[in-house]
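Given chain A's structure and the hints, the job is docking chain E onto it.
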Amino acid sequence: DAGVTQSPTHLIKTRGQQVTLRCSPKSGHDTVSWYQQALGQGPQFIFQYYEEEERQRGNFPDRFSGHQFPNYSSELNVNALLLGDSALYLCASSLGGRGTETQYFGPGTRLLVL
Amino acid sequence: AQSVAQPEDQVNVAEGNPLTVKCTYSVSGNPYLFWYVQYPNRGLQFLLKYITGDNLVKGSYGFEAEFNKSQTSFHLKKPSALVSDSALYFCALKAANQAGTALIFGKGTTLSVSS
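Respectively, the protein sequence lines represent chains A and E. Going by our numbering, the first residue of the first sequence is number 1, and it counts up by one from there. Going by our numbering, the first residue of the second sequence is number 1001, and it counts up by one from there.
Simulated from the structure, these hints should not be mistaken for laboratory data. By construction, the Cβ of each residue, glycine as well, lies at the ideal position given by its N, Cα and C atoms. Do not take every clue at face value.
[What the hints assert, rightly or not] If you anchor each label on the Cβ, the simulated ranges turn out as follows:
| no. | chain 1 | residue 1 | chain 2 | residue 2 | range |
| --- | --- | --- | --- | --- | --- |
| 1 | E | P1018 | A | P8 | 36 to 44 angstroms |
| 2 | E | S1080 | A | Q41 | 26 to 34 angstroms |
| 3 | E | S1115 | A | A80 | 47 to 55 angstroms |
| 4 | A | T9 | E | N1097 | 32 to 40 angstroms |
| 5 | E | G1029 | A | S7 | 32 to 40 angstroms |
| 6 | A | T20 | E | Q1045 | 24 to 32 angstroms |
| 7 | E | T1020 | A | T9 | 27 to 35 angstroms |
| 8 | E | S1080 | A | N79 | 31 to 39 angstroms |
| 9 | E | N1041 | A | R63 | 22 to 30 angstroms |
| 10 | E | E1066 | A | Q41 | 23 to 31 angstroms |
| 11 | A | Q41 | E | G1053 | 25 to 33 angstroms |
[Unchecked claim] Per the computed footprint, the stretches of chain E lying under chain A, defined by three or more beta-carbons under 8 angstroms from a beta-carbon of chain A, are:
| no. | region |
| --- | --- |
| 12 | 1046 to 1052 |
| 13 | 1059 to 1067 |
Just chain A, with the same shape it has in the complex:
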């Protein structure tokens, strides 16, 4: 049973560029949540996707956007990259979007913005 997978594992971009990160949820899961983990910090919630719609959003600017596909996989897009966007981006999947269920995390994509 495959767990949560993310691609790519590492990425280097320059300021002003755009980036797309991808996530495939754990088998049987229908909800995907994205988090940003800056160096030395705990993860911060970006947004949640359920039934192909953004259901909840954290305190992140509109430069951060996402999408969920019919097969429940998801993309995170970041436009106009800033140096401060350098972080580990984590995808978590769960079954249902109520919050009591366990979220399972992928290995993350490490983004470096130069």
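Structure of chain E alone, referenced to chain A:
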């Protein structure tokens, strides 16, 4: 506002000794509480959660946590530490009365177990 505090940046313990990693929280209403562990260059691995019911929660790898509503705490414990337990531990919170999946994480506590 909701928040999670992990008051210790680092906890050092000798192998075989009991370990405790502390977590306190602030929330309006009832909490859902979670513990995750992160190994270097890895994602987060789920250890255990408290949703409702018994205040003592047992989880993976011999870890347990006790929910204390009066002290607003959810400390992680293990009776006998292993060197392989050395990692970064995160406590996370979700308000029960809010929809969605957003977890609020503490800053993390590095556990170092010496042989």
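Verification of the hints:
| no. | hint | result |
| --- | --- | --- |
| 1 | E:P1018 x A:P8: 36 to 44 angstroms | holds, 41 angstroms |
| 2 | E:S1080 x A:Q41: 26 to 34 angstroms | holds, 30 angstroms |
| 3 | E:S1115 x A:A80: 47 to 55 angstroms | holds, 49 angstroms |
| 4 | A:T9 x E:N1097: 32 to 40 angstroms | holds, 37 angstroms |
| 5 | E:G1029 x A:S7: 32 to 40 angstroms | holds, 38 angstroms |
| 6 | A:T20 x E:Q1045: 24 to 32 angstroms | holds, 26 angstroms |
| 7 | E:T1020 x A:T9: 27 to 35 angstroms | holds, 34 angstroms |
| 8 | E:S1080 x A:N79: 31 to 39 angstroms | violated, 50 angstroms |
| 9 | E:N1041 x A:R63: 22 to 30 angstroms | holds, 26 angstroms |
| 10 | E:E1066 x A:Q41: 23 to 31 angstroms | holds, 26 angstroms |
| 11 | A:Q41 x E:G1053: 25 to 33 angstroms | holds, 31 angstroms |
| 12 | 1046 to 1052 | holds (count 3) |
| 13 | 1059 to 1067 | violated (count 0) |
In the structure shown, a violation is registered for the earlier hints numbered 8, 13, in ascending order.
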